[in-house]
Amino acid sequence: MALARDPLNIIICGVGGQGNILASELVGSAAVAAGFLTTIGETYGASQRGGSVMSHVRLSRQLQYGPLIPKGEADVIVGFEPLEVLRVFRIYGNSDTHVILNSRPNYPLGTLIGESKYPEIAQILNEIGRVAARVQVVEATELAKQAGSAVSTNVLMVGCLAGSGLVPIDVVHYEEVLKQRFEGAALELNQKVFEMGVQAFPQV
Amino acid sequence: MRGGKELKEEVQDKGFCTLCGLCVGRCPYIKSLEDKIAVVFPCGIEEGKCYAACPRTFTDWDTVEQQVLGDVDGRDPLIGRYTQVWMARGINPELTRGTQDGGTVTTLIRTAMAEGMIEGAVLTATSDGLAPQAILVTEAGEIGKTAGSKYIAATTLQALHQARRTGVEKVGIVGRPCQVMGVRKYQTVVPEECNQDNTLVIGLFCMWALSYGFRDYVRQEAGGQEVTGIAIPKGELQIKTADGTITKSVEEAKQFARSACNLCWDVTSELADISVGAAEFAEGWNTLIVRSERGWALLGKALKAGVLEIKEYPPAMLQELRMAALGKKRRVVAELNRIQNEGTSMVDLTSPRFKSVVEGEVN
Amino acid sequence: MQSVLTINEPGTQVLMMGNEAITRGALEAGVQFCSSYPGSPSAEILSFMAATAKTFGHYAEWSTNEIVAIEAATAASFAGLRALCIMKQNGANVAADFLMSLGLSGCRGGLVVVFADDPESHSSTNEFDSRNLARWAELPLLEPGNFQEAKDMTKWAFELSEQTQTPVIIRSVTRICHGRGNVVLGDFLPKKPANKLGQWDKLIALNPFHPYTHQKLAKIREIFETSPFNTYTGPENPELLILTSGTGGFYSQEAVSRLGVADRVGVLKLGTTCPLPAKLVKSYLEKCPRVLVVEEVDPFLEHNVMVLAAQKEMLVKFFGKASGHIKGPGGPGTGELNPDVVMDGLSAVLGVARPSRNDVVVDPEKDIAIPARDLTFCAGCPHRASFFATKNALEIDGRQGVVMGDIGCYTLGGAKAGHFLLSSLFCMGGGIGMASGMGKLEQFGFNQPVLAMAGDSTFFHACLPGLVNARWNNSKMLFLILDNEATAMTGFQPHPGTGQTAMGEKGAPFSIEGICQAMGADVYIADPYDVAATTEKIYELIQQPGVKVLILRRTCALVQSRRGPKPKVWVDQEKCLGDACGCGRFCSKVFGCPACIWDAAAGKARIDEVVCNGCGVCASLCPQGAIQLEGRD
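In order, the protein sequence lines correspond to chains A, B and C. Numbered per my numbering, the first sequence finishes at 213, counting up by one with no gaps. Numbered per my numbering, the second sequence finishes at 1040, counting up by one with no gaps. Numbered per my numbering, the third sequence finishes at 648, counting up by one with no gaps.
Honestly, I wouldn't trust all of these hints.
Said to hold, decoys possible - Pairs of lysine-lysine, PhoX-like flavour, derived with a Cα cap of 25 Å:
(1) K234(C) - K217(C)
(2) K931(B) - K978(B)
(3) K297(C) - K327(C)
(4) K154(A) - K619(C)
(5) K80(A) - K342(C)
(6) K847(B) - K217(C)
(7) K822(B) - K978(B)
(8) K207(C) - K201(A)
(9) K491(C) - K713(B)
(10) K297(C) - K234(C)
(11) K327(C) - K682(B)
(12) K431(C) - K682(B)
(13) K552(C) - K713(B)
(14) K80(A) - K381(C)
(15) K154(A) - K581(C)
Unchecked claim - Derived Cβ-Cβ restraints for the label pairs, each shown as a range:
(16) P480(C) - T905(B): 41 to 47 Å
(17) E970(B) - F461(C): 54 to 60 Å
(18) D545(C) - E898(B): 48 to 54 Å
(19) T905(B) - N462(C): 32 to 38 Å
(20) Q415(C) - K126(A): 46 to 52 Å
(21) A817(B) - A547(C): 45 to 51 Å
(22) A993(B) - A547(C): 46 to 52 Å
(23) P480(C) - E898(B): 51 to 57 Å
As the list claims (entries may be wrong) - Partial pick of chain A residues on the chain C-facing surface, computed with a CB cut under 7 Å:
(24) S38
(25) A43
(26) T47
(27) Q208
Everything labelled a hint here was simulated from the structure, so no lab data went into it. What you are looking at is a predicted structure, and each value in this text was computed from that prediction instead of being measured. Note that CB positions come from ideal geometry on N, CA and C, so glycine has one too.
The task is simple: from the sequences and hints, build the whole structure.
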């Protein structure tokens, strides 16, 4: 499948510890399997330290692009945390950007200690929605918890992306990657939540 | 509007804190070890109970006294309102083991617990006669462990909050005059946390409490021997070790008196239900001042149970006690005047209570 | 399980992390000995090496520190084996004393040293450009510019090293190490056995060899002149030449394409940057004397090419760091490159418009003020409790004790997460050394308590000489060793105290307390989860003379959380005081654990059960006893 826009720039963002890296690796591996030149840029340092984390995933039929997306050029933003989506959207978003967002907040230290205020989710959605081409909200953490473990929220969100029709990668490729990455009960759980993600939104 | 910030600035930083333990036990932002105390983190609360209840923030003595002992007629400008003064001593050896002087305090608090007046007691323990430790005791058998005088200032009132949090409703407190005032102000400010009707306050006589420098001094004097106890009878400092007793002048100990004690107006715990001190003129006896109805009831129970013996207090000795109190009060008022000139008003020095002492109207 | 590291299917295309690609390159080269000390962004390489050691028959070790690692790897090379040594930029400094001699001695078996730089210090305390160290040490330098090159250059580096008997430096950066991209796999080369060392087989770094070093470098320069890792794309006679290396290649290529100037601008990307392939570069300068140099972090290539132009008496117009065209928000020579930096620079040089799709307009008046997301300790992290206890002890003490910091997760304690407690922060082991000095200042009227803080892995890496110094010279200080039984910052690698080697074998377990006791320090151990006891112990020890060591021992919460079910923590909201006096949201506002959150609707504290690791420290701090803990020993 060709890309409507080449490169296709995807940002997966959240907070350290939410499984950002695994999510981008799943998407990237599926993309390579689907024959794309794929580049991923990660932030590792903050990965377990509660900081903002973001993976840039870039798909192309022509070039091995660099690991960083230029400002304002994200085509898709998959966010595990609402505030982080807004933070990323302001820098990388544009009026063609599609946003898939987990609605569960993760409070920054400054908010916990009372130095800053966490905005209302509705406010966040409102601001993103004002510009973005489309915003889809999923209660991913809650769904993942119901399926067995909140830890698998990231895979559920990858399912949402896979099912969104925004990325021309056949769902089969993701499923293959899951089988390579997991085994036993973890595989079963991840297959289950991935499928929940795929089904989360009615197809466009 | 005063809170933890002002408590730190106006009390702790100026060295006025008595280490009563009231704030540190209630507030997680305030911490204390040995004889140091600090507001570790700012709480941001503008109107803090810590400030309001602190015995070292401005205290309206007349009002607090009125609330606690309003119905007690007798008022002595030097040893406070009271109904009776006795010589007393515990006569049940089971109860007085390890006690100083007459064992009256231990006997009273055990009686209070045995008779159901209290469910728990806020006391001060020590393992070596030196470093004191606030404890909450809910088993009568444990009270004996806290017997004996502690000369180093202890944050005893910490345990008052432990009582509250563990659901001990009727609580007895044994404390120094500053701690008695802490409890009384607390009852005024946060009655829902400390109800006067459910609290029995046994006050101690106190001229000063010592800093931890005293512990280091004693250890040095003991020369590596384990210290088993400390006593200060009649101008003598006794350091007890396994090898025997080392005797020093009390002046040696006094050099470690906390400067905050120089601001303490109260010698005999004037706001307690019942106050107990040494009776230096009669070895093995205590001085007992009965103040409130509750104090009277406790004495009655102890007498009825046959664990306490009392006898008439020699008027000359009472006068000696009063004069000792007067001496201290005069020194303290001078200090209170001094800090008032420096901007800290701890009491209303224009009240007759203070004026009379300075102007020599009492005798 | 088969992985991209192990599958023997040359020609297959896979997605690889840069660190995997470097690993795979070494594996394909038949590497036999690997050593490293964990550091971001390169820590994964040795872990991969350890994981594949049984499959391929090589040896991999976590060494005590980087200088030991390079010494050990050099020994393997001495015996004729192919050896790989990996270190982050700061580690290269630790290894520098030995590295500076390696150019003189040369090597035998292929010896490849990976320097992993962290431009913009994503997971470091500082950024710098280790290419300078390679030039200073007079060692050849390769710079992979993509994931395929990361693999291929590593593989070739062994060949080059053996051919020239010179250790080769590969300089990677975070965006390569931790990026991922397509890589076509190659074949695995056979391994040679170790040589027997004869009486006259020597590896000696003495100055008389210096001229030979230069002769070898001249030979290497010749090899570099025709290296396939130096590539040019663009018109025959461009009006501007972009000279780039490393990740600069990505961004330059994208900038040229995005600005639509492919017919005007050529990109010469060098993979072999030092010694500079002078003839090759000169030939391009002759075609186009207008050059934009794109590289991270320092103007390394830029300066080298400027020197070249001066030597050759060429009139070249340079754009780059010196001209201010290539600069991040912090100015030229700071921070990492990205496509925006290069697009901005290129558009300025060419005078063409900078394209942008960004049409998000933020109204600072009306739109949301996004709260910063400070880095913090993980939920349940013993360091949070250690810092909390230390803060309490120092505040109660009241003499403004100073804490000398060190490198590890606990470095975060210098910020909000640790109440800004650290007074100094330098390098691995820097804290104890500074404390040993500061603990000697009493005679000058310095009377504040002195503390140093370091982690368990850092203790073994760099703290022993500092502690010896403190003891030897009768310093007065307290050394807090935050022993969480792992090298947590870089991914829980084992260290000498864990008694486990990189390859999962049993090593000699070192006792931190035993070592400190042997040095004559008074050693105490506390559990930081017991905040009250730890506070008391710290307070007690800072009253005393001499060198005291307090080991704050608790397993890393993340390691612990992988071992079994987490203890349950919850708030009894009936008891919670919330904002009221006597609490004031103490658990969330002061302790600051990410799991201690605020239930705004109830006006009470709540535990985020998804985040909570069940340490239960908050339960011990709650003034009301409202936080309940179930299932912790």
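- Message: For a quick check of understanding: which of the numbered hints are violated here, in increasing order?
- Response: 2, 6, 8, 11, 18, 20, 21, 23, 25, 27
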